[in-house]
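Visitor: Read top to bottom, the protein sequences are chains A and B.
My numbering puts the first residue of the first sequence at 473, with every later residue one more than the last.
My numbering puts the first residue of the second sequence at 473, with every later residue one more than the last.
Some clues are possibly wrong.
Chain copies aren't distinguished; within one or between two, either way the pair holds.
[As the list claims (entries may be wrong)] Okay, derived cross-link-like pairs now, DSS-like style, lysine-lysine, Cα gap no bigger than 25 Å in a straight line:
{"hint": "1", "residue 1": "Lys611", "residue 2": "Lys702"}
{"hint": "2", "residue 1": "Lys858", "residue 2": "Lys570"}
{"hint": "3", "residue 1": "Lys644", "residue 2": "Lys743"}
{"hint": "4", "residue 1": "Lys619", "residue 2": "Lys568"}
{"hint": "5", "residue 1": "Lys723", "residue 2": "Lys878"}
{"hint": "6", "residue 1": "Lys702", "residue 2": "Lys730"}
{"hint": "7", "residue 1": "Lys644", "residue 2": "Lys599"}
{"hint": "8", "residue 1": "Lys743", "residue 2": "Lys753"}
{"hint": "9", "residue 1": "Lys481", "residue 2": "Lys753"}
{"hint": "10", "residue 1": "Lys708", "residue 2": "Lys599"}
Hints are computed from structural coordinates only; laboratory data are not their basis.
The model shown is predicted, which means the values in this text are computed figures rather than measured ones.
2 protein chains.
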Amino acid sequence: MRQTQLFTKTRREAPADEVSKNAQLLIRAGFIHKEMAGAYDLLPLGLRVIEKIRGIIREEMNAIGGQELHMTTLQGPELWEKTGRFDDAVVDNWFKTKLTNGTELGIANTHEEPITAMLTHHINSYKDLPAYVYQFQTKFRNELRAKSGIMRAREFLMKDFYSFNRTEEDFKAFYEKAAEAYTRIFMRAGIGNVTYRTVAAGGTFTTGFTDEFQTISDAGEDIIYVDKEKGIAVNKEVYNDDTLAQYGLDKASMVEEKSIEVGNIFPLGTKYPDAMGLTIKDENGEQQQVHMGSYGIGLGRLMGTVVEVLSDEKGIVWPASIAPFGVHLVSMTSNDEVVVAYADALYEELTASGVEVLYDDRDARAGEKLADADLIGIPTRILIGKDTISSGAVEVVDRATAVVKKVTRDELLSHMGSVASAEIAG
Amino acid sequence: MRQTQLFTKTRREAPADEVSKNAQLLIRAGFIHKEMAGAYDLLPLGLRVIEKIRGIIREEMNAIGGQELHMTTLQGPELWEKTGRFDDAVVDNWFKTKLTNGTELGIANTHEEPITAMLTHHINSYKDLPAYVYQFQTKFRNELRAKSGIMRAREFLMKDFYSFNRTEEDFKAFYEKAAEAYTRIFMRAGIGNVTYRTVAAGGTFTTGFTDEFQTISDAGEDIIYVDKEKGIAVNKEVYNDDTLAQYGLDKASMVEEKSIEVGNIFPLGTKYPDAMGLTIKDENGEQQQVHMGSYGIGLGRLMGTVVEVLSDEKGIVWPASIAPFGVHLVSMTSNDEVVVAYADALYEELTASGVEVLYDDRDARAGEKLADADLIGIPTRILIGKDTISSGAVEVVDRATAVVKKVTRDELLSHMGSVASAEIAG
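Using the sequences and the hints given, assemble the complete structure.
Guide: Right, dumping it as C-alpha cells:
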C-alpha cells in the first residue's frame, strides 16, 4: 500500500488521558483511535495486526479440531437465569439493554450458556462427542475503571473456545492439547520467550486450579512467581507451599515478576451442560453428563502485550508474524525522478511477488519518514536514496536491531520472493 | 470436512414461531440457530457462507479504494448529540445501555458520526482527500417486530462504506463507481439477474433521491416498478410521472414486483462533516466543506435473499461463489469397505488439490444422505456407490438442475483441480 493513500497519520502526542504505553504508541502510530475509556476503533494498520493474530489463532484452533461459529451479542435472560448469572450481583460487569416491549437483554460478556444451550439441538448421543467449537466475537464488560489502554477494555474482540467431552479423562487429554496450542500461539506471536503457563485460582468457574498464560511485563496487573528453567509459573493468588509441592516446584528457584494475563484455560466440569440440559445417551441408552472446558484469548490484549514487551524508545517493534506489513519501503527523496522511479518499480515488483509492502511515497523529509517508520515498527525497512542509484545496492534495515545490510536489487527480490512464497504455501 | 465431525445436524422442522422461508431452511439445514426473534447465531456452515460473501464484498470495496477498519459498538452520546441523533424521538430503534457511573451509551446502529469524527484527527488538507473507509461491523437495531428471519434482524453484520470527497463532482463520480461495484457484488453472489438498481426516496439522510439495490422476491417487503430491458427500477415510494420523466422511463414498460432491498447507497452531502467539524484547507489555506456518501450491505440479509430466491422444494441451492463447500462427496453405503476406501481416498485427493469438500461419511441410509444434501444445497454432489467400483465412473449431480453426469475419477480430479487452482489464483 502507498502511504499517500493510507488515511491515517502519525501523531506526536497521544490523548492526555491515555496513560498506558500500549495505547499511547498505537494511537500515535495510527493503529487505533480512542472512542472512550476502554473502547478503541481499529484503524487500517491496527486491523491488519488483529487479522494476522486472528489467522494464527484460527490455524491453531482448527488444528485441535475446533469448528468456528459466531454467537449473538444480544442475550435473552432465560438461559442466564438457569445458572443465576443474569443477576448483576453475581456477574457485576454486565452491560444490559431493553427491547421496545421492556424485556431486559444482556450484551454478551461471555458465551457459556448460549453455546451450551445451542448444542442441545445437535448433540444427543455419545457418538456426537467430542465437540469443539470456537468463535471470534466481541465481548462487552462494564469495567468500573478502564485504564490499561487496550489491555482491559469495555469492548474487545475475544477468541473463546469451548470443549465438550464424554468423560473427565477425555476432557483432561484435550485440555493439555489446548494448552500446547496456546503455547504455540504465543510463540508464533513473538512473545513465547516471556510467556509462561501459570497455575492460577479457579475463579468463579471451578474450585480446582486453572491455567493462565502470563507474559512478563512491567505493565502487568498480576504478580507471578516463575521457575524459568522449568518454564512454569504460579500466580500470587495461589503461591503457597501446598501449590509448590503439588507442582514439584522449589521456592528458591522462583522469581517474582509483574505480568499480563494473555490467555486462560478453564475446566468447567459439568456445570453448564447440567444447567442447560446438555446430556448424552450412552451405549445402553442411559443419560450421561458432559464435561466442558473453556479457552480464551483477547486479540486486542495480545496486540497490546506485544507492544508493551517489544517496543523501544523510538516506537513499536512488530514481530514479522503479526506486523501490519512485512516491508516498509521508504523513498528517501521525493524530488529526484530517478530515485522515485526506482522505488516505484521496486514497490510494484515486491507487491507482485506477494510481499506485503507499505511504501512511503510521501513528499516529506527523510528524517520525518524514518521517525514515522520507527514509530510504526514494520520489521524490515528498505531505503532507496541517491546512493542506491549510484551503488546499485539498497539498504535493508532491521527495525529491532537497527542492523543495516546493503544488498543488490536482485538479491533482495530473490530473498523476499521466496519468503513470500513460503508464507503463502505455509 | 468430514460430516461425522461437523457437530450440526439437519432437522425436519424449524421452530414453530419461525415463519420466513429463509430462516426455516437455514435452521433446518444447520446454518443458523435462533437465539431470539431477530438474533441468529451463525453455525459453521452459515459462517462459511458469510465469510464467502465477506470475501467478495471486501475485494470489490478494496478495488474502488476502500480502506478497511473496525469501529466500536459502544457509542458515547457526545458525537450523536451534535447531529441530534442520540434522541430516541429522532432515531427510534436505538439499543442503549449505561456505564456503571450512569452515563448512557448507544449500541451502534450506524456509524456516520464516529467515523467522521475519527477522521478529523487524520484529514486536514485537500491533499488528504479522497478518503474511502469501510468496515464489517455488527449493527444493533431495536426493531419493534422482527419477523422476516435473517432479513430484518435486531443484530446483523453489515458492510458500511463511507466516502469523503473534496467536491460534489468528485463525490458523484465515485458514487457511480460504487454503484458499479454493488452491481458486481450481487452478480457474483448469484442474484444479479433479479437485482435492480432502484430509484428511491431520500429517507432521513438527504432530500434528493438515493439508490437501492432491490432483488425481486415474493418474500420482499418493498414494491418496485421495473423496466427489465433498461435494467432499472423505481421504488413505489417515488413512483410518479415526475420520477419517470427524470429517468427517461415509460409507465407502459414498468412491471410491478415485490422485492427485497439488498443494498443501498446514499448521498449525505456535507451534513456529518459539518456537524463533526471535518473540513479541509484548500490550496489557499481556506477551510472547505467535505462531501460524504454512505454505502451499505447487510451480509445476513444477502445470505437470506439468496436462500429466498434460489431455494426449491427440497432445500437450499447455493451458487458456487458463496456455497459453504464447493463439493458434497457422498458415500452411498457405509458397510462396504471398498466403497468407503474409494470415497476416503477421493476425499483426501480433492482436499489436497484445494477443493472445499464436505464428505458425508456418516453411517446412515443413502436416502437420508441425499435428502440432507438437497437441504444443505452444496452446488456439486459426487456420489460413490458400488456402481462406482464396477464401472470406474463417479456420478456428479448438479444441485440446481439435478443433471447427472458419469465421469471417470481422473476426469473428475483434473477438472476439479483446475477449478480450485483458478479460484486460488483469482
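Visitor: Mind listing which of the numbered hints don't hold for this structure, in increasing order?
Guide: 1, 2, 5, 10
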